[in-house]
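S.K.: Working from the sequences, and respecting the hints, build out all of it.
There are 2 protein chains.
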Amino acid sequence: MALKGVMKLINGGVTAPKGFLAGSMSCGIKKSGKSDLALLFSSTPCVAAGTFTTNKVRSGSVVLSRERLKKGFAQAVIVNSGNANCCVGKKEIKDAKEITKALSAELDIKKDLMLIASTGIIGRPLPAQKIKNGLKALVNNLSNSNGTSFAKAIMTTDTVHKEIAVEINIKGKVVRVAGAVKGAGMICPNMATMLAFFTTDAAIETKALKQAFKESVHDSFNKITIDGDMSTNDSAIIFANGQAGNSIIKNNTKDYFVFFEAVKFVTRELSRKIVLDGEGATRFIEIIVKGAKAEDDAGLVAKRIANSNLVKTMIAGGDPNWGRIAAASGSSEADINPERMDIYFGKVLVMKNGAGVNASRGLLLDIFRKKEIKIIVDLKSGKHADRIWTCDFTEEYVKINAEYET
Amino acid sequence: MALKGVMKLINGGVTAPKGFLAGSMSCGIKKSGKSDLALLFSSTPCVAAGTFTTNKVRSGSVVLSRERLKKGFAQAVIVNSGNANCCVGKKEIKDAKEITKALSAELDIKKDLMLIASTGIIGRPLPAQKIKNGLKALVNNLSNSNGTSFAKAIMTTDTVHKEIAVEINIKGKVVRVAGAVKGAGMICPNMATMLAFFTTDAAIETKALKQAFKESVHDSFNKITIDGDMSTNDSAIIFANGQAGNSIIKNNTKDYFVFFEAVKFVTRELSRKIVLDGEGATRFIEIIVKGAKAEDDAGLVAKRIANSNLVKTMIAGGDPNWGRIAAASGSSEADINPERMDIYFGKVLVMKNGAGVNASRGLLLDIFRKKEIKIIVDLKSGKHADRIWTCDFTEEYVKINAEYET
Numbered sequence: 001m002a003l004k005g006v007m008k009l010i011n012g013g014v015t016a017p018k019g020f021l022a023g024s025m026s027c028g029i030k031k032s033g034k035s036d037l038a039l040l041f042s043s044t045p046c047v048a049a050g051t052f053t054t055n056k057v058r059s060g061s062v063v064l065s066r067e068r069l070k071k072g073f074a075q076a077v078i079v080n081s082g083n084a085n086c087c088v089g090k091k092e093i094k095d096a097k098e099i100t101k102a103l104s105a106e107l108d109i110k111k112d113l114m115l116i117a118s119t120g121i122i123g124r125p126l127p128a129q130k131i132k133n134g135l136k137a138l139v140n141n142l143s144n145s146n147g148t149s150f151a152k153a154i155m156t157t158d159t160v161h162k163e164i165a166v167e168i169n170i171k172g173k174v175v176r177v178a179g180a181v182k183g184a185g186m187i188c189p190n191m192a193t194m195l196a197f198f199t200t201d202a203a204i205e206t207k208a209l210k211q212a213f214k215e216s217v218h219d220s221f222n223k224i225t226i227d228g229d230m231s232t233n234d235s236a237i238i239f240a241n242g243q244a245g246n247s248i249i250k251n252n253t254k255d256y257f258v259f260f261e262a263v264k265f266v267t268r269e270l271s272r273k274i275v276l277d278g279e280g281a282t283r284f285i286e287i288i289v290k291g292a293k294a295e296d297d298a299g300l301v302a303k304r305i306a307n308s309n310l311v312k313t314m315i316a317g318g319d320p321n322w323g324r325i326a327a328a329s330g331s332s333e334a335d336i337n338p339e340r341m342d343i344y345f346g347k348v349l350v351m352k353n354g355a356g357v358n359a360s361r362g363l364l365l366d367i368f369r370k371k372e373i374k375i376i377v378d379l380k381s382g383k384h385a386d387r388i389w390t391c392d393f394t395e396e397y398v399k400i401n402a403e404y405e406t
Numbered sequence: 001m002a003l004k005g006v007m008k009l010i011n012g013g014v015t016a017p018k019g020f021l022a023g024s025m026s027c028g029i030k031k032s033g034k035s036d037l038a039l040l041f042s043s044t045p046c047v048a049a050g051t052f053t054t055n056k057v058r059s060g061s062v063v064l065s066r067e068r069l070k071k072g073f074a075q076a077v078i079v080n081s082g083n084a085n086c087c088v089g090k091k092e093i094k095d096a097k098e099i100t101k102a103l104s105a106e107l108d109i110k111k112d113l114m115l116i117a118s119t120g121i122i123g124r125p126l127p128a129q130k131i132k133n134g135l136k137a138l139v140n141n142l143s144n145s146n147g148t149s150f151a152k153a154i155m156t157t158d159t160v161h162k163e164i165a166v167e168i169n170i171k172g173k174v175v176r177v178a179g180a181v182k183g184a185g186m187i188c189p190n191m192a193t194m195l196a197f198f199t200t201d202a203a204i205e206t207k208a209l210k211q212a213f214k215e216s217v218h219d220s221f222n223k224i225t226i227d228g229d230m231s232t233n234d235s236a237i238i239f240a241n242g243q244a245g246n247s248i249i250k251n252n253t254k255d256y257f258v259f260f261e262a263v264k265f266v267t268r269e270l271s272r273k274i275v276l277d278g279e280g281a282t283r284f285i286e287i288i289v290k291g292a293k294a295e296d297d298a299g300l301v302a303k304r305i306a307n308s309n310l311v312k313t314m315i316a317g318g319d320p321n322w323g324r325i326a327a328a329s330g331s332s333e334a335d336i337n338p339e340r341m342d343i344y345f346g347k348v349l350v351m352k353n354g355a356g357v358n359a360s361r362g363l364l365l366d367i368f369r370k371k372e373i374k375i376i377v378d379l380k381s382g383k384h385a386d387r388i389w390t391c392d393f394t395e396e397y398v399k400i401n402a403e404y405e406t
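As you go down the protein sequences, you meet chains A and B in turn.
Residues 1 to 406 (the working numbering) are what the first sequence spells out, left to right.
Residues 1 to 406 (the working numbering) are what the second sequence spells out, left to right.
Don't take every hint at face value.
Since copy identity is lost for identical chains, a pair holds within one copy or between any two.
Straight line, CA to CA, 16 angstroms or less: simulated EDC-like cross-link-like pairs of lysine to aspartate or glutamate [unchecked claim]:
#: 1; residue 1: LYS91; residue 2: GLU339
#: 2; residue 1: LYS214; residue 2: ASP108
#: 3; residue 1: LYS90; residue 2: GLU339
Think of the hints as simulated: they come from the structure by calculation, not from any bench.
M.R.: Quick look at the structure:
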């Protein structure tokens, strides 16, 4: 995606905006000894917003952070990887409360401003004592140069860490927006997202921050899918500490839209990185459904295609077997007329009005050899469109998930 | 499943009931040279019923057979494998009509009693001339000992042919019910089913046949899933020619229920064979959801678990990671209370009231080493239950579907 107007890509991640510090350490949750505890902290209280999984089975960490974010303020979040703190019973909330309470004392901030997120295996009690034992060292590790270590410490099956930062200009003041995410499997649209943390030094009113964040998440993390499985722990949280010193951004003003574009860019790019790092993935697939009677119809068809194992294995195999796309489209609940439906691979028309057309097989094989593949379905029945990003489905995905150790 | 009362398993498939002949041949659709054309024929006209895919994108063969079955009569069905006769446009119906017309002339039966079914690659024009050239030889091959060749000729990615036959007694007369099916991928509940053909020499009224068949299909093929992908070609058809000479079976009589049990048994056993032959499958999984507020809720949870790639790869890996089952349950649209939910592997309780319990890992690993695994989810919120059969999800599935040649 091209950077719009005055937006500038800068180095670093969540600690790029002013006043944010991060730290990480290994407290012993992961057998591998890799970092499994991460802390993100703002030197001053922030306006904050979050979206969380819609799964009815959810982690105690999600329950607590969601509750605390209702007032719209936060100052820090602790993240543990390797254990989901889920399906354990009342201990989940108890652990989440105790850990955040101890850490808020250590950081000398109000306990209600302290959030928690967890990711990893479901159904194992969180080793809360190990975490509590590590808090002092974690706080001591805080630094404004530890954004990347933070992004690494939240990983589970991810193969690369994922972070980004941009700079914009609000009435002469430099404002920064940044983010770090983790996620490579158990990812499906409309579940909020995986773990994603955003920081900005913008001064912004709560309502404007909430709106910009909600729309950005809808446009990014809610439009990607890897395996159709919805997590119990997905959390996306944004912190705005106002240290850029800009005049406060109000909803729907010109400044708002400059800020909104930055948040949208950061969330989109990070959602793209998640798909590129999809478990076992070798290809990035963009599915665009247009010409739908309603946006919901476009989304239903796109989602059905994106979650079809037959479509995804076909792309893994490099085979332009568009019939599987037609079949997936027809099996969605969307209101479509198969006799009007066109399908394209990139710019090449392969099905017109529900029937195959003669497309050059050489040309199609070339398209399927590329790292990024675009599938367009034109329903020719209306003006609505939607898009989803996904990845192919390889033997490696099965291997990763069959061998994931409990 | 135990045979009920007077039901007796007998040898053979669709030609076991009196008056049914079958034939097969290779007409050149499959590059491998394997049989790709099959014919099932009753020496006298039959009362008949069928259910078909609910995919909005459907084969011309489905459209024609569905239309012809509306009157409730049929005498023969031709099946081609290797080509779905789908997403080709108007030629689909034209080919289906011409082939059935030529074949009905060859068989000397009314053309409206001639049905057609197709399975294979989507989007390639049916090589109708090759099929027409083969019709004479196909009819010459008809014999009452060719049930098994019929079952073999309808296969695509199936590794074994699937047939069964039983004998019952209706007021002193021997009545037979038999079936043959194909299907190993692109299989998902509530799409009618794959290709399935049933024969019986019972004399039965149309209404009773329809009801027995509809309920049996609902209880069998609509309760299995392999990959969550819904086919464009699924067809299940039953023929009853009355040659057993029993007094005609009427709806909801004692005789009806004896007959119904036989149809239910045959469809269930064949649906089970499909799951056992699921593409790449190494394990048969029965998912039972009980204690639901409504049957729909039980079905939604069971289906969500059965279609979860994470659950299916976990079983392929032999790992009793029940958290994935809890997560899948919570992400369904069913009305459930996670804090009441229990999960069992076989008879071993692994989660109680939403929290893990200490179960012997040795015991669980033993269960996961078996060929058949039972997962029970008790929602403890009502009296409704449902079950789904599925299989595990292996690297081999991906290999088969990545390499499936177009």
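S.K.: All hints, please: hold or fail.
M.R.: Okay, the hints, checked on the actual structure:
1. LYS91 to GLU339: between (56 angstroms within a copy, 13 angstroms between copies)
2. LYS214 to ASP108: neither (30 angstroms within a copy, 68 angstroms between copies)
3. LYS90 to GLU339: between (54 angstroms within a copy, 10 angstroms between copies)
Hint 2 from the list above is the single one not met by this structure.
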